[in-house]
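*Asks:* As a plain string of letters, each chain reads:
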Amino acid sequence: MRPDPPKGPLKFLRWFCREDYLDEIEGDIVELFNRQYQQSPGKARRQFTWNVIRHLRLGFIKPLRLAKPTNSCGMFRNYLKVGSRNLVKHKFFSFISIAGLSIGLCACILIIQYVNAELGVDRWHTKLDNLFRVVNDRYQQGSLVQHSTMTYSGIGKAMKQDIPEVEAYCRVTPYRVEVISWSDKKIADQRAIAVDTSFLSMFTYTLLAGDRQSALQEPNSIIVSEKMARDQLGVKDPQSLLGQMLVFDTDSIPYKITGVSKDVPGNSQLHFDLLISYVSLYSKNGNNQFGVADYDFTQPSFWQYVQLKAGADHETVERKFAALNTKYFAKAAASGVRDVFYLQPLRKAYLYSDFEYEIGRTGNYRIVWSLLVIALIILVLAWMNYINLSTARSLERAKEVGIRKVTGASRLQLIKQFLTEALLVNIIAIVIAILLTWLLQNGFNRLVNRELSIDMLFSKQAADSGVTILFVLFSVAGIFFSGFYPAFVLSAYKPLKVLRGKFARSVSGVFLRKSLVTAQFAISILLIIGSFVVYRQLRFMTGQSLGYNMEQMLILRKPVLSNQGASFMTNADGFINTVQQLAHVKGAAVSGRIPGNELDKVNNVNRVDIAMNYQGTMTNMGVDARFINLYQMKLLAGRNFSPLDYNNDPAKVHTLIINETALRQLAFQSPQEAVGRSISAFNRTWDIIGVVADFHQKSLKSGIEPVLLLPTLRGQYSQFSVKVDPQQLPATLEAIKKAYASYFPGNVFDYYFLDEKFNRQYSNDYLFGKVFGLFAALAILIACLGLSGLSLLTTIQRTKEIGVRKVLGASVAGVILLLSKDFIKLLLFAFIIASPVAWYIMHLWLQDFAYRVDLSWWIFASAGLLSLIIAMLVIGFRTVRSAIANPANSLRAE
Amino acid sequence: MKHHSLGEFEELVLLMVAALHDEAYGVSIHKNLEEKLPKTVNISAIHVALKRLEEKGFVNSRFGGITEDRGGRRKKFYVITALGKRVLDNQYELRTSIYHQIPKISFS
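Residue numbers (this note's numbering), protein chains in the order written: chain X, -7 to 886; chain A, 21 to 128.
There could be a bad hint or two in this list.
[What the hints assert, rightly or not] With the Cβ distance kept under 7 Å, some of the chain X side facing chain A (calculated, not the full set):
id	residue
1	N26
2	N43
3	R46
4	H47
It is worth saying that the hints were derived from the structure and are not from the lab. We treat Cβ as the ideally placed atom computed from N, Cα and C, and that holds for glycine.
Work the whole structure out from these sequences, hints included.
*Replies:* Structure (structure tokens):
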């Protein structure tokens, strides 16, 4: 036998050497090799390699094909033609691939719009990078009692004075504007904030009229929004409004319009219709003497923004805040209270907020990112379908590959061909996805309650956040990889083997296919479990007993234009008595806050009877004597308030009711023990007359706070709760409106149902739940499409086998089992993988909620069972049909 | 006649092509050169020299038949051209004439 020269060097030689020299060069060195081989095989091999290397010279190397004359256009057209014929020929499989991809892409496009919208909030401020919000943690005796965006009015000024990096500060505080008079019109429901002059220089809000520098300098100056000017004031030309007067009915002060602002864009965290000059709050010239608003370090009720000098690092600045504490908070420190200040970058203020007293709507970065991840996963599922189906069907294309190879196609060309086909499928899917997006846009906007459009993919903010680019790169990579694998498999066929006709079904790729199906089902099961848990948690939160009953509870608009003090109480009593007479009213009450409201805090609450190192912070709410009964709160001990507890002089009120949490914090052993004892709060002594069971003032996301119920009412800002019978609601409302008008003339009558408003606290969670559920359904749908395609293939490929088995006596049930066994194994495996992952993820998610459902086993079991049933339905149709088929039909043709 | 340069190794290869008349191809040239020369010669050097000679028009080439010995590759035979022969003659004459000018003194 003739010895073979070393393969590697030979291959290398053939690769680099010019074709026309190859005969001579290769022939010569092979001949030399053969001669030398007789004497010393090893030396011959070494010599051969050496000779090859020595031939690596410029003169022998193939010319670089820089200007290769190509005519790939024609070939490309052929690829497209064959590809599209193939798509049309196998309509079902094309449908599966394209439908899955379209759904996945559409989901991605919609979610990316949402993500871009969420990420775009406040990103449009030109000084964004230098703007920070002052947030503040308050510790009392070392424990955190407040984690808030509200801080002290003096802190901004102090920072600017003491820290050189702070360039400017701006205080923002909500301003109560209930009703505004404009000539003969009454305007209600305008959002007003009082802001420093720096507001317009720090933030990028545009003025249509007025001077940015001076508009907010004078006390009682006001900037109205374009929308308010147009809709409420009925003025089209902004310039004509300048210098006109608006009167706030709450204090009858005229405010001079010094500017008209362009409407706040939707992607702003801060929304306002009116900007009031901050100096109006405390100025001696202004009539609103609100001293703490200017330079105070005791009352944390103001939002503050600071602008750092360009290039300043906010963490370095934060380290300098400790000095502020010793300088301005010496008195607080002595009583064991410590405030820690932080700078929160404005770009994070909207999405990354876990603060109390937020300035506006907040988003949740975890929801945003997890939705994005889920959308991408769905797309990946669709690509998996494509890979699965095209490799599983590769047999059908094997002959074509063989012929193409024999007629001279290189492997690279074949890979190009199949990549072209993948591209064709993906492009069709992209077109359909865009159409789908266009169709579903309105529905999706309603679902997420946002104004989204496909432009959002290409907006400037989208470019800044990079999500769109990421998605495009992801899609290109996905299209390439999903196309490359089948192309790789198909182009590898050996033409001889294929064309000889004895081409056995290859086992290669089966493992990959199985893993992909398992992965698809694992993801689907994961999403099913996830949506089960989310729905259970949401149902739990809305169905949980809150410790009071808010069904059919109407809340009326505050009678802000009424007198404060004694006459208000008389009017309130009169109104409630009148309303209670109505046939379909079950009761009414008045209180300072209602369920769902954030309660005011009171610091330094302590026991009087025993010495106790406590000094706790509690919340308080003023209620009338009917409130506890109306809301069906449970009185554990003592008594409810009686009219005798109320006094027109607030200083003389001295009784209170506490809740169980307050009871525990004050270290009482039992409710009975607490009744009759005294505590100190608001710098005086109070007698506990009763204890109520704990109730959820806020949503179940937060824990229960210690609450003091006080028999004080804050006059015009109190809220009326009226429990009504839903029967003949319009008539009842009409009667209530009449009573309201007679007791509180001049006020605007409006109402809402408490339970609706209360449940709005869960709107972000509902959104998450809905989108999550939708995506879980999509994932299942795509996985099922793939599964049905694969099961169809297996049944087709095993038609003969089934025929033979049946002839030999196999039962229908046996054949069905045989065909579905494989898939069910994969499903079980997927379930085993998915369950722990789902458990972990949902466990993390539930940590957001102070009150949560437990992850019981049956959630997992039912999710597994559900996916099993779905899979069985999908496979069952095919398997049963082929199992009951007459074996004569399948065996006849041979 | 243009200036036809001929390097030392090229000259040796050209001589060998002429000597092996009709039987000159890479391996035979290599074998005979190695027999004559006191050093080993790499086959690639011969190939380079042959390509240059062919470019200069000193040799012509043709393909021979396929032999098993060469892994199914054809031999490429070289024959010297008239020009090549003339260059060799010139070279030879030049060398001999200079050689004859060497005074007949004995070198001890």
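*Asks:* Please go over all the hints and tell whether each is borne out by the structure.
*Replies:* Hints, one by one, checked against the model:
no.	hint	in the structure
1	N26	holds, 6 Å
2	N43	holds, 6 Å
3	R46	holds, 4 Å
4	H47	holds, 5 Å
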